[in-house]
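Same order as they appear, the protein sequences are chains X and C.
Take 2 as the starting number for the first sequence in the working numbering and just add one per residue.
Take 2 as the starting number for the second sequence in the working numbering and just add one per residue.
For the record, the hints were derived by calculation from the structure and aren't laboratory data.
Hints are supplied without guarantee of correctness; some may be wrong.
Given that identical chains are not distinguished, each listed pair holds provided it fits within a single copy or across any two copies.
Calculated cross-link-like contacts (lysine-lysine; reagent style BS3-like; alpha-carbon spacing at most 30 Å) [to be verified]:
no. : residue 1 : residue 2
1   : K499      : K461
2   : K405      : K131
3   : K499      : K384
4   : K384      : K405
5   : K405      : K506
6   : K384      : K123
7   : K405      : K382
8   : K384      : K506
9   : K384      : K131
10  : K123      : K499
11  : K499      : K382
12  : K123      : K382
13  : K131      : K506
There are 2 protein chains.
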Amino acid sequence: MEVPGLPKPPTAASAPRPPARPGSAPPPPPAQHHARGPADDGFHVFDTTLRDGAQREGINLTVRDKLAIARHLDDFGVGFIEGGWPGANPRDTEFFARAQAEIDFRHAQLVAFGATRRPGVKASEDLQVKALLDSGAPVVTLVAKSHDRHVELALRTTLDENLEMVRDTVSYLRSHGRRVFVDCEHFFDGYTADPAYATEVVRAAAGAGADVVVLCDTNGGMLPGQVQAVVAAVLADTGARLGIHAQDDSGCAIANTLAAVDAGATHVQCTANGYGERVGNANLFPVSAALELKYGMRVLPAGALGEMTRISHAIAEIVNLAPSTHQPYVGVSAFAHKAGLHASAIKVDPDLYQHIDPTLVGNRMRMLVSDMAGRASVELKAKELGVDLGGDRDLIGRIVARVKERELSGYTYEAADASFELLLREQVQGRPQRYFRLESWRIIAEDRPGCEQSNEASVKLWIRGERLVRAAEGTGPVNALDRALRAALETIYPELAKLELVDYKVRILEQAHGTTSAARVLISTADASGEWSTVGVGANVIAASGQALEDAYAYGLLRAGVEPTE
Amino acid sequence: MEVPGLPKPPTAASAPRPPARPGSAPPPPPAQHHARGPADDGFHVFDTTLRDGAQREGINLTVRDKLAIARHLDDFGVGFIEGGWPGANPRDTEFFARAQAEIDFRHAQLVAFGATRRPGVKASEDLQVKALLDSGAPVVTLVAKSHDRHVELALRTTLDENLEMVRDTVSYLRSHGRRVFVDCEHFFDGYTADPAYATEVVRAAAGAGADVVVLCDTNGGMLPGQVQAVVAAVLADTGARLGIHAQDDSGCAIANTLAAVDAGATHVQCTANGYGERVGNANLFPVSAALELKYGMRVLPAGALGEMTRISHAIAEIVNLAPSTHQPYVGVSAFAHKAGLHASAIKVDPDLYQHIDPTLVGNRMRMLVSDMAGRASVELKAKELGVDLGGDRDLIGRIVARVKERELSGYTYEAADASFELLLREQVQGRPQRYFRLESWRIIAEDRPGCEQSNEASVKLWIRGERLVRAAEGTGPVNALDRALRAALETIYPELAKLELVDYKVRILEQAHGTTSAARVLISTADASGEWSTVGVGANVIAASGQALEDAYAYGLLRAGVEPTE
Numbered sequence: 002m003e004v005p006g007l008p009k010p011p012t013a014a015s016a017p018r019p020p021a022r023p024g025s026a027p028p029p030p031p032a033q034h035h036a037r038g039p040a041d042d043g044f045h046v047f048d049t050t051l052r053d054g055a056q057r058e059g060i061n062l063t064v065r066d067k068l069a070i071a072r073h074l075d076d077f078g079v080g081f082i083e084g085g086w087p088g089a090n091p092r093d094t095e096f097f098a099r100a101q102a103e104i105d106f107r108h109a110q111l112v113a114f115g116a117t118r119r120p121g122v123k124a125s126e127d128l129q130v131k132a133l134l135d136s137g138a139p140v141v142t143l144v145a146k147s148h149d150r151h152v153e154l155a156l157r158t159t160l161d162e163n164l165e166m167v168r169d170t171v172s173y174l175r176s177h178g179r180r181v182f183v184d185c186e187h188f189f190d191g192y193t194a195d196p197a198y199a200t201e202v203v204r205a206a207a208g209a210g211a212d213v214v215v216l217c218d219t220n221g222g223m224l225p226g227q228v229q230a231v232v233a234a235v236l237a238d239t240g241a242r243l244g245i246h247a248q249d250d251s252g253c254a255i256a257n258t259l260a261a262v263d264a265g266a267t268h269v270q271c272t273a274n275g276y277g278e279r280v281g282n283a284n285l286f287p288v289s290a291a292l293e294l295k296y297g298m299r300v301l302p303a304g305a306l307g308e309m310t311r312i313s314h315a316i317a318e319i320v321n322l323a324p325s326t327h328q329p330y331v332g333v334s335a336f337a338h339k340a341g342l343h344a345s346a347i348k349v350d351p352d353l354y355q356h357i358d359p360t361l362v363g364n365r366m367r368m369l370v371s372d373m374a375g376r377a378s379v380e381l382k383a384k385e386l387g388v389d390l391g392g393d394r395d396l397i398g399r400i401v402a403r404v405k406e407r408e409l410s411g412y413t414y415e416a417a418d419a420s421f422e423l424l425l426r427e428q429v430q431g432r433p434q435r436y437f438r439l440e441s442w443r444i445i446a447e448d449r450p451g452c453e454q455s456n457e458a459s460v461k462l463w464i465r466g467e468r469l470v471r472a473a474e475g476t477g478p479v480n481a482l483d484r485a486l487r488a489a490l491e492t493i494y495p496e497l498a499k500l501e502l503v504d505y506k507v508r509i510l511e512q513a514h515g516t517t518s519a520a521r522v523l524i525s526t527a528d529a530s531g532e533w534s535t536v537g538v539g540a541n542v543i544a545a546s547g548q549a550l551e552d553a554y555a556y557g558l559l560r561a562g563v564e565p566t567e
Numbered sequence: 002m003e004v005p006g007l008p009k010p011p012t013a014a015s016a017p018r019p020p021a022r023p024g025s026a027p028p029p030p031p032a033q034h035h036a037r038g039p040a041d042d043g044f045h046v047f048d049t050t051l052r053d054g055a056q057r058e059g060i061n062l063t064v065r066d067k068l069a070i071a072r073h074l075d076d077f078g079v080g081f082i083e084g085g086w087p088g089a090n091p092r093d094t095e096f097f098a099r100a101q102a103e104i105d106f107r108h109a110q111l112v113a114f115g116a117t118r119r120p121g122v123k124a125s126e127d128l129q130v131k132a133l134l135d136s137g138a139p140v141v142t143l144v145a146k147s148h149d150r151h152v153e154l155a156l157r158t159t160l161d162e163n164l165e166m167v168r169d170t171v172s173y174l175r176s177h178g179r180r181v182f183v184d185c186e187h188f189f190d191g192y193t194a195d196p197a198y199a200t201e202v203v204r205a206a207a208g209a210g211a212d213v214v215v216l217c218d219t220n221g222g223m224l225p226g227q228v229q230a231v232v233a234a235v236l237a238d239t240g241a242r243l244g245i246h247a248q249d250d251s252g253c254a255i256a257n258t259l260a261a262v263d264a265g266a267t268h269v270q271c272t273a274n275g276y277g278e279r280v281g282n283a284n285l286f287p288v289s290a291a292l293e294l295k296y297g298m299r300v301l302p303a304g305a306l307g308e309m310t311r312i313s314h315a316i317a318e319i320v321n322l323a324p325s326t327h328q329p330y331v332g333v334s335a336f337a338h339k340a341g342l343h344a345s346a347i348k349v350d351p352d353l354y355q356h357i358d359p360t361l362v363g364n365r366m367r368m369l370v371s372d373m374a375g376r377a378s379v380e381l382k383a384k385e386l387g388v389d390l391g392g393d394r395d396l397i398g399r400i401v402a403r404v405k406e407r408e409l410s411g412y413t414y415e416a417a418d419a420s421f422e423l424l425l426r427e428q429v430q431g432r433p434q435r436y437f438r439l440e441s442w443r444i445i446a447e448d449r450p451g452c453e454q455s456n457e458a459s460v461k462l463w464i465r466g467e468r469l470v471r472a473a474e475g476t477g478p479v480n481a482l483d484r485a486l487r488a489a490l491e492t493i494y495p496e497l498a499k500l501e502l503v504d505y506k507v508r509i510l511e512q513a514h515g516t517t518s519a520a521r522v523l524i525s526t527a528d529a530s531g532e533w534s535t536v537g538v539g540a541n542v543i544a545a546s547g548q549a550l551e552d553a554y555a556y557g558l559l560r561a562g563v564e565p566t567e
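So that you can see chain X by itself, here it is in the shape it has in the complex:
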């Protein structure tokens, strides 16, 4: 939908600049409009999706996946892409080789991740450190311990030797021309336990030539006030360039990242969609959007922010997780409004109802057609779907009446855009958008001893005067019905073969009790270029599914440019 009102330039934040906190670090730097490039090193957006993000339970990336994600991250314009731990596993080693050979990075530099050398071994003789050099990455992030207990328990060495490991490894990599960032693991917990030692690790890293020392909230337990105070103190104590790496275990990773920036950090480590171990990491997209739109900083190349929604969804597809519908800025629900009450005000000034103009991040405002629907929201929704109602008051009135009537009998159009569009077109054109007429169906499902469960459907239907009778088996009664209908329909409409059912939800409506209730079915269907949702309501789950399937086919054919026939 075209949101009325001019999109704001990315530097004019629609929310006010954060007021300086009383007595806190200086406000964020003003917007800068120079071009980005290797020389533009003032602020780092550092992505670790391919390394730390891949720790998320359920993510398992192939080298091909990692290459595809790296391309998207470079398009988005992050300054650094941490690609993995070369030497630690062969897939990561292969990734570094191929990424450098195959990708022509426009914005990002490739970063290899590794650990400081082992205790009691020279950096130059540590195979793991050698693998970092061998990766060919121009930048290396070294993880170092900065929490006294972790030094003793996990590294099993002394506090002094740990400092020596940091100095030795940083100097060695620097002497081989690598830029070095040091991740101080468990820094905030370590600082709480022993601030002097934790600070000493920062000093050792910076002193040995690390360009950025990244303070990590590895367990994710910090809150923004704590992060801000510790970053400010360490900055004052050491003068080192500081970065922030925040995990989301308290649900504050985004805020913690921004709090560190408030306190003077100039390097933020994030992952696409917040993927990461346990709860996840600071989410690259809302962090970047906040810095650009609310702090007025320029941290991405011009135009990149407008690609954010697309890139977020594309990366979700690559890691094979459904994009979170409720993700800030980029979720499909992020700018969705239940219209009723405020629809008319939203029409006049949408900016009163959204924290930013969604087009700035490549998203859009959506009006949800709900039981509070009125004329204004139907008009907005139609416009969004590209159906011109031409301000026809009678027509709009008929549509509203029809929506209300259907919602009373249990339909919901909020999650069924395609069914709503069919209803809309039916009213606009004054005739049903139908491709066949169902005469009858029958399902036989049975479970007999010694047999597999069986589900069989037969259907009789008419298309352009021709009567088709087909039967099919399925894994369940609805699947059998779907197959039988398609067996008939595809003889006339071969386009349907490309459709895939991707989600199926049933809700039993409350009018009556228990299994005597009416059922509402929501079906999501996809073709090569997109996905749509349809709804059906019936006395039982099969009838309701049949209806939702009929809408799903109809919408699929409409998209394919086939004219309704019945």
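With chain X fixed as given, assemble chain C onto it according to the hints.
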């Protein structure tokens, strides 16, 4: 896995107290150990899942759902449950009537939500205000405009009349003995546009007798530093008791809520699992956990925090959304560790690798390679259900193994206590808790021209060596199956005639696509003295329903004191 190390008492936070921000509001109040009750009014945890949370796209609550959620919220110990907008829709009106009749609230007070009176009408003559009184709720939250543009554009009245609407409505409700909270909608945006007017609205509300004035970040665009600064300024200007209502559009709702508390707010509005319009609201669970475990405050009744994970998942089941696996504190991944690297260190001191002890919130550490959790929770649950496991380690091990095996194939026991109890008793007694043996079933569902839809089920089953064959019609295939099974069963177990199916939910499990997926069915059944839930999983909805029905009958008979026969 048994986590080594003693659980910490809820008042000894495992993370340090947030350091006071330089120059900011005083640090949070110290832990208080007094009992809660109506007298304990110092800090409000206010839940609006049933009103604002229900705005989430895809949530559609029945009155029964709302009652079930209200019970869970009361168990969790929130001080206030905003139940909806009585008068605005009949479902909410019914909810208030039934909640007061049917629920014996132990901790929460019921809150009705409504708007200030219309312009130009006395509060005493406004039907919407009357409906708030009629709801019988002891507390009313009034939404008021505090942003000048919204007053003009959405209310279409003058700034003065808006102030009068606030004063008049608050005084009127107060004069009828109601406690009144005022939600200042779009407060932060309004404060940015015109701080004097926004502050004036707060003063008008407090002056007219509102106990709490809630500053709402309705568009969710604020960042914690802004929230903290504005709350501190308004508190200093007005002296009113302030609350916070934060939307999550910037991904900072939790941090914003805590920032408001840092600045002196003593009332937090949240929703279970962060459900809400667009991206969602401040999530009740991490906010409560941060206040209890990190601020050292006592905002919930003793023991309630340990129920948090269970309650979060149970509410997700009721709203029919999959519980978020990556939700802070309560997600199944929230304390999941890829064991490899640090396994031995985690074994020696798990607290080095987690921001809190997960058992404090009823969650558990999981090692992703070898998952061995559950003994403690099975013992607790058995105790809760009155089944004595006598500390028998082998028995508990068998139960844990059985639960895991079933959960792997898609069962969930969080919302199916009765099925869990049957499983438990089966293991304790070493034999199934069964009352019949199903030989086979068959369903025929059809829709023919000129006929009503027909659904017919036939079943063959054995009870105490007797073979029974019965058939029945129903309004849907599952209803027909239910009736056919009962037709057979009631000849032997007349007790079943008293059972009523009161709710029925289907979720398609994610393994496969669309209608070929496995189905999970949750059924609620009631007799004269209570209600119980059972679960079934199968290749299709009918098979899954059959299983859940079998458990439902078995549990009903067990309650009625009938001994298992098969």
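Going down the list of hints, with the structure as the test:
In this assembly of identical chains, K499 and K461 lie within 30 Å of each other by CA distance solely inside one copy; the values are 22 Å within and 41 Å between copies. Proximity of K405 and K131 under a CA criterion of 30 Å is satisfied inter-copy only: 26 Å between copies versus 53 Å inside one chain copy. Within a single copy, K499 and K384 get their C-alpha atoms as close as 28 Å, which meets the 30 Å cut-off; across copies the closest is 53 Å, which misses it. Taking the shortest Cα distances, K384 and K405 sit within 30 Å of each other inside one copy (19 Å), while across copies they are farther apart (49 Å).
Within a single copy, K405 and K506 get their C-alpha atoms as close as 22 Å, and across copies as close as 25 Å, so both meet the 30 Å cut-off. Proximity of K384 to K123 under the C-alpha cut-off of 30 Å is found in neither arrangement, the shortest distances being 56 Å within a copy and 39 Å between copies. Within a single copy, K405 and K382 get their C-alpha atoms as close as 15 Å, which meets the 30 Å cut-off; across copies the closest is 46 Å, which misses it. Taking CA atoms no more than 30 Å apart as the test, K384 paired with K506 passes inside one copy only; the shortest distance there is 28 Å, against 35 Å between copies.
Neither within a single protomer nor between protomers do K384 and K131 lie at most 30 Å apart by alpha-carbon distance, with minima of 47 Å and 38 Å respectively. Neither within a single protomer nor between protomers do K123 and K499 lie at most 30 Å apart by alpha-carbon distance, with minima of 51 Å and 61 Å respectively. Proximity of K499 to K382 under the C-alpha cut-off of 30 Å is restricted to the intra-copy arrangement: shortest distance 28 Å within a copy versus 48 Å between copies. In this homomeric assembly, K123 and K382 never come within 30 Å of each other (Cα to Cα): the closest approach is 54 Å inside a single copy and 36 Å across copies.
Proximity of K131 to K506 under the C-alpha cut-off of 30 Å is found in neither arrangement, the shortest distances being 36 Å within a copy and 39 Å between copies.
The earlier numbered hints that this structure contradicts are 6, 9, 10, 12, 13.
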